[in-house]
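6 protein chains.
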Amino acid sequence: MDILVVNPNTTAGMTAKIGAAAAAVAAPGTRIIAVNPETGPASIEGWVDGALAVPGLLQEIARGEARGVAGHVIACFDDTGLDAARSLAAAPVVGIGEAGFHVASLLAGRFSVVTTLARSIPVIEANLLRYGLAGRCARVRASEIPVLELERPGSDAEARISAEIAAALAEDRAEAIVLGCAGMADLAARLSARHGVPVIDGVAAAVTLVEGLARLGLRTAKTGGYAAPRPKPYAGAVFAPT
Amino acid sequence: MDILVVNPNTTAGMTAKIGAAAAAVAAPGTRIIAVNPETGPASIEGWVDGALAVPGLLQEIARGEARGVAGHVIACFDDTGLDAARSLAAAPVVGIGEAGFHVASLLAGRFSVVTTLARSIPVIEANLLRYGLAGRCARVRASEIPVLELERPGSDAEARISAEIAAALAEDRAEAIVLGCAGMADLAARLSARHGVPVIDGVAAAVTLVEGLARLGLRTAKTGGYAAPRPKPYAGAVFAPT
Amino acid sequence: MDILVVNPNTTAGMTAKIGAAAAAVAAPGTRIIAVNPETGPASIEGWVDGALAVPGLLQEIARGEARGVAGHVIACFDDTGLDAARSLAAAPVVGIGEAGFHVASLLAGRFSVVTTLARSIPVIEANLLRYGLAGRCARVRASEIPVLELERPGSDAEARISAEIAAALAEDRAEAIVLGCAGMADLAARLSARHGVPVIDGVAAAVTLVEGLARLGLRTAKTGGYAAPRPKPYAGAVFAPT
Amino acid sequence: MDILVVNPNTTAGMTAKIGAAAAAVAAPGTRIIAVNPETGPASIEGWVDGALAVPGLLQEIARGEARGVAGHVIACFDDTGLDAARSLAAAPVVGIGEAGFHVASLLAGRFSVVTTLARSIPVIEANLLRYGLAGRCARVRASEIPVLELERPGSDAEARISAEIAAALAEDRAEAIVLGCAGMADLAARLSARHGVPVIDGVAAAVTLVEGLARLGLRTAKTGGYAAPRPKPYAGAVFAPT
Amino acid sequence: MDILVVNPNTTAGMTAKIGAAAAAVAAPGTRIIAVNPETGPASIEGWVDGALAVPGLLQEIARGEARGVAGHVIACFDDTGLDAARSLAAAPVVGIGEAGFHVASLLAGRFSVVTTLARSIPVIEANLLRYGLAGRCARVRASEIPVLELERPGSDAEARISAEIAAALAEDRAEAIVLGCAGMADLAARLSARHGVPVIDGVAAAVTLVEGLARLGLRTAKTGGYAAPRPKPYAGAVFAPT
Amino acid sequence: MDILVVNPNTTAGMTAKIGAAAAAVAAPGTRIIAVNPETGPASIEGWVDGALAVPGLLQEIARGEARGVAGHVIACFDDTGLDAARSLAAAPVVGIGEAGFHVASLLAGRFSVVTTLARSIPVIEANLLRYGLAGRCARVRASEIPVLELERPGSDAEARISAEIAAALAEDRAEAIVLGCAGMADLAARLSARHGVPVIDGVAAAVTLVEGLARLGLRTAKTGGYAAPRPKPYAGAVFAPT
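Residue numbers (the working numbering), protein chains in the order written: chain X, 2 to 243; chain W, 2 to 243; chain P, 2 to 243; chain F, 2 to 243; chain S, 2 to 243; chain E, 2 to 243.
Warning: the hint list may mix true and false statements.
[Stated by the list, open to error] Simulated coverage check for chain S against chain X, where a stretch passes if three residues somewhere in it have a Cβ under 8 Å from a Cβ of chain X: (1) 31-45; (2) 57-65; (3) 134-144; (4) 150-164; (5) 186-198.
[Unchecked claim] Facing chain X, according to a computed beta carbon distance under 10 Å, are these residues of chain P, among others: (6) Ala-119; (7) Gly-136; (8) Arg-140; (9) Asp-157; (10) Arg-161.
Just so you know, the hints here were simulated from the structure itself, not pulled from any lab data.
A virtual CB, placed ideally from N, CA and C, is assigned to each residue, including glycine.
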């Protein structure tokens with residue numbers, strides 16, 4: 002099966018890294034198609050970046066649907082444009098943030114999130130509240146590492162994330178950690194070994210969840226809030242659904 | 002003072018109607034500047050339309066900031082792009098959905114919402130949960146009137162909305178009604194008189210709230226989730242914040 | 002229009018100060034009528050004081066209704082007697098506590114409250130829960146300044162409140178501050194400038210909100226919990242509604 | 002031990018009936034002292050009546066404390082003035098509403114309340130939310146019987162309450178019923194037998210709970226919200242705490 | 002990999018049916034080991050049956066751990082003994098109830114559950130509350146079909162479940178359905194086709210989730226509530242962990 | 002009346018101590034029958050111990066019913082097997098955890114729990130959420146004293162519990178303390194005197210509550226989740242309900 006993994010920002014190097022992380026966990030027979038939009042911000046750090054990434058993201062989702070992919074992954078921890086993507090797709094769509102939260106809930110009673118910048122905390126908290134999983138999350142912590150700094154060789158990102166994990170275990174009564182950025186996908190195994198708790202990478206979690214949904218033949222609901230858009234003019238938009 | 006009222010869809014006739022409703026309630030000395038984006042859907046009915054309206058909406062917010070408006074109103078009941086708009090603006094920004102909910106909470110213990118299509122119910126419910134006011138809302142009801150049908154002379158929209166209000170009073174124990182679409186702004190007073198309960202139009206509520214915030218010299222918080230976007234490339238976007 | 006501002010305690014000096022703060026923000030054409038009850042406690046610090054202030058407060062609300070005021074403000078941060086006042090009034094009634102919370106919710110994702118004594122924290126938390134806005138409030142903090150100490154020239158009240166604001170910004174991830182006592186009305190602008198975040202005074206917020214409701218012709222709901230009292234004997238009461 | 006049972010309204014006949022119901026369930030050695038305030042409404046139906054009953058109620062609580070009662074019961078289902086009474090008392094204070102909710106929670110997973118007038122529903126719902134037990138209550142139902150009609154021989158009150166109970170069992174998935182007025186104390190056993198579910202009278206529940214607290218030597222907390230009032234002037238109040 | 006699927010009741014025929022359903026969805030290379038305890042109730046209908054099934058269930062989990070299975074599924078929709086099983090296991094453990102809820106949350110904004118007997122509704126509702134997903138579930142509906150009736154050829158179970166699904170779509174605004182019993186595993190595809198919405202079988206969902214967790218190398222958290230039991234005597238127990 | 006007090010672990014010395022604590026608070030005429038199961042763990046520390054204690058516990062409940070006790074107490078702070086016990090009993094059943102929470106809610110606005118080991122915190126938090134009283138509990142604190150260490154003469158348990166109480170008062174804004182283990186029953190009065198706040202022992206609270214329910218003639222609901230088990234085979238179980 003083909004799984005579309007959309008990195009919603011426009012940094013191709015990050016798309017490649019996410020694609021590799023996805024491919025590394027994909028089941029035999031799954032082909033990962035990693036893409037990013039042609040338009041939009043180079044990284045998603047806060048509400049404005051997220052909003053401006055969505056039209057290009059939706060275009061990629063529509064292209065994926067057209068080529069018949071079995072499922073879609075939205076590879077930003079903010080689950081950017083998730084509801085709109087579901088409205089557009091018949092195949093299942095999973096965001097890496099929700100994937101991390103759901104998987105953590107199956108392994109531990111209580112988890113903390115370690116993300117990039119403090120300005121992303123309210124975005125993540127809003128998602129947790131919406132999904133119902135806020136009560137399972139002890140705390141969303143910011144490492145204050147900008148997204149693209151995670152891509153820079155020689156950065157001290159891993160050490161700073163590791164320090165936040167240590168703080169989460171000492172102060173939050175967290176039993177598992179969810180890494181709060183697609184750019185942290187390569188760190189999960191090493192940090193889990195170091196700290197002795199499950200450390201969950203959302204990219205791996207989302208690829209695995211969407212593969213599973215697809216294998217079960219499950220599709221996105223189409224009768225309520227995720228009904229397909231009604232036909233209408235979309236003047237001058239980067240993308241129009243019809 | 003100047004108040005920017007952005008109708009986030011691209012239907013100019015609806016912008017004019019909303020502008021007139023806003024001007025009708027504005028205080029002496031307030032100038033209403035009613036605009037709509039150059040790009041995006043002709044009406045906002047569900048998650049996809051909402052997402053595709055945001056870049057154009059943000060452009061209008063940025064233009065308003067540049068010309069020094071005292072405040073912004075987002076005139077779609079889904080509060081489309083509200084968080085992103087706040088991140089972009091120093092002046093206060095009020096959505097007509099939240100305005101309706103907050104004002105209803107000051108007048109009644111419990112209210113119901115009457116909106117257009119059922120597909121908008123989850124959008125509105127997500128907002129109510131986020132704002133904290135879900136417990137004050139007895140029920141979000143759909144009249145199944147498409148947004149632009151509200152603009153069509155001779156439609157039976159008012160009768161159908163009135164029937165939903167009657168149902169809300171009989172079944173929901175609602176003490177007040179919030180009209181769930183900017184296109185219903187002209188109906189509030191008549192429906193309130195007919196049903197003997199407060200019927201709140203979000204456009205009027207939002208204009209009044211934002212005028213008040215501006216008069217008090219209050220500005221949007223800039224130190225957390227609403228911090229200004231960080232400088233970065235926004236490839237090919239309809240709008241870039243910097 | 003006439004707006005009645007009731008200071009629910011019996012300290013005339015505080016009534017004058019609140020009245021001045023209200024007049025300073027009132028729109029042109031609004032007349033502020035600042036009163037306090039003839040009976041009741043000299044300050045409201047906790048549940049007992051609040052309860053004993055209500056009959057006199059309701060008498061003032063009834064007098065205001067009789068003289069046809071356009072709206073009422075209850076100028077104690079505990080929103081003393083708010084539900085009963087709404088049951089008595091046809092004009093809108095706004096408490097300064099709820100006004101502060103609603104306004105903060107329009108400017109920031111998350112706010113902290115700085116009030117007077119710790120014994121008032123449970124009163125304020127109960128209100129936040131009731132209004133639905135507890136999830137928006139990071140923390141209610143006590144400065145341990147008695148209410149009337151705020152009136153004493155030469156007190157160090159401002160310094161202590163400022164220190165609590167600094168703590169709220171450092172520890173609570175608060176993006177805005179709500180001042181938790183009518184007697185702090187004169188400090189908001191200065192503290193906002195010093196700390197670089199919105200600092201909201203409930204008196205100003207409530208006057209502005211109730212002016213807005215009145216201008217929109219909105220009235221308190223009368224069909225549910227806020228229905229007018231049923232006629233009956235009120236033996237020897239400070240005030241009887243009929 | 003002496004238990005003070007305060008009927009917060011001024012209808013002596015109802016006080017006598019409540020006193021008899023309390024005495025009927027009191028343990029051997031308990032003396033029930035049933036009183037009502039000298040001032041206030043003849044019945045409590047809604048927010049205004051409740052507020053105007055409190056000063057007289059607090060005076061009775063203070064008198065009870067002065068004579069050294071072992072505990073206090075507030076015999077209105079709205080738990081009128083409960084927080085203020087606790088601030089005034091060192092002995093435990095139990096409201097008949099909360100008593101009914103707590104007892105029902107020990108017997109059943111889910112209960113409904115049958116009260117008098119619809120205007121009392123928001124008062125009761127606010128209490129349930131405050132106490133944390135809203136999730137245990139399926140629905141608060143009004144029988145639309147005025148409080149004093151319960152005292153009138155020949156009224157059809159019992160039949161109407163019984164019909165509401167039947168509806169609660171059929172529609173609410175209620176497993177137990179809480180009777181929502183002190184004036185219904187004599188009906189509980191008969192209605193329980195008729196409907197085959199626990200039917201709880203708050204007066205009996207509260208007397209039993211407060212006796213138990215007293216026997217265990219437990220007293221009201223005095224270090225937070227229930228700290229004793231600070232000394233201050235209470236101009237012309239029906240009652241002053243000091 | 003080996004996945005242990007424990008049917009917690011002692012009805013071997015149902016174990017076989019569940020095992021077949023699990024094998025039908027397992028990935029190539031997964032071996033399903035379907036077992037049931039040697040002791041306990043023939044079906045799980047309510048709190049007592051659930052409690053009495055747990056010791057035998059834990060014994061099976063311990064045996065599975067000893068033989069090195071990659072993951073465990075608890076195949077009762079009540080998620081019987083889930084927390085205890087997690088404390089016992091290092092491999093991941095997934096209940097079919099939680100699996101159904103999490104999967105439904107990835108496909109739809111809002112789902113209803115159709116289970117067997119009404120007495121199971123409170124068990125399922127308690128789980129939904131605990132997991133955080135109560136807000137995503139519109140309603141838990143009982144078809145009033147006993148568990149083992151699902152195994153009886155010629156029963157009208159499917160028709161009754163189908164009727165409940167129709168009711169859920171018409172009355173609950175449900176966008177997806179979760180089947181609330183392991184014995185309904187064979188009905189999901191047909192009911193989904195008939196009603197045009199996702200219909201989720203928990204057995205398939207849980208097998209797929211636990212395979213995914215195992216493939217990602219994720220293990221149950223061991224540092225908090227799911228820490229291994231402390232060594233101690235377990236007098237005469239069906240099963241002792243050490 | 003006879004009250005059955007079941008210590009759900011198999012440590013007879015602890016049963017004797019609990020029985021003595023229960024008898025010390027029982028009303029004249031109440032006979033305390035303190036028992037423990039014949040099978041199960043020596044102490045309950047976490048999910049597995051709790052689950053393995055339940056069959057033996059249910060057998061004791063059934064024996065108590067057979068001999069006609071007026072009520073049952075489950076004397077483990079985790080309220081082990083409470084729902085199943087209620088399904089089995091017609092007499093009222095009260096757990097010492099819930100008893101502590103309900104009683105604390107009648108005395109204080111906000112309480113903290115001091116329990117034994119950290120692994121019990123999630124069990125207690127799950128109960129608080131289920132009962133609705135999580136919002137009343139400031140924090141569940143672990144003293145890290147194993148259950149049976151409380152029985153050892155010369156242990157420093159009291160000093161460590163006292164230190165946690167001091168921390169709760171300083172850091173949690175707790176107004177009352179609930180002791181989180183049946184083995185702490187003898188410490189409550191002394192710790193209350195030392196710290197000047199109500200300190201509640203669950204054994205005393207539960208005995209008093211269940212006596213009260215019994216005296217009022219109230220019985221466990223039998224029409225919903227607590228309906229008696231349906232007849233069926235229970236192969237080889239420690240206990241079978243029929």
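(message) Checking hints one by one. Is Arg-161(P) an interface residue toward chain X, by the C-beta closer than 10 Å rule?
(response) Cβ of Arg-161(P) sits 27 Å from chain X, so the hint is violated.
(request) Please count how many residues of the stretch 134-144 of chain S have a CB within 8 Å of a CB from chain X and say whether that reaches 3. (result) n = 4 at 8 Å, threshold three: holds.
(message) Quick check on Gly-136(P) please, does its C-beta sit within 10 Å of some C-beta on chain X?
(response) holds, 8 Å
(message) Quick check: do three or more residues in the stretch 150-164 of chain S have a beta carbon closer than 8 Å to a beta carbon of chain X?
(response) violated (count 0)
(message) Tell me if the interface restraint on Arg-140(P) is satisfied: Cβ within less than 10 Å of some Cβ in chain X.
(response) Cβ of Arg-140(P) sits 15 Å from chain X, so the hint is violated.
(message) Just to make sure I understand the rule, a stretch counts as covered if three or more of its residues have a C-beta closer than 8 Å to a C-beta of the chain. Does the stretch 31-45 of chain S meet that for chain X?
(response) violated (count 0)
(request) Verify the coverage statement for the stretch 186-198 of chain S against chain X, using a C-beta to C-beta distance below 8 Å and requiring 3 or more qualifying residues. (result) Answer holds; 3 residues pass the 8 Å Cβ test.
(request) Closer than 10 Å between Cβ atoms is the bar; does Ala-119(P) clear it against chain X? Give me holds or violated. (result) Where the cut-off is 10 Å and the nearest Cβ of chain X is about 24 Å from Ala-119(P), the hint is violated.
(message) Hint Asp-157(P) vs chain X: min CB-CB distance below 10 Å?
(response) violated, 32 Å
(request) Mind taking a look at whether chain X covers the stretch 57-65 of chain S? Criterion is 3 or more residues with CB to CB distance under 8 Å. (result) violated (count 0)
Hints 1, 2, 4, 6, 8, 9, 10 from the list above are not met by this structure, while the remaining hints are.
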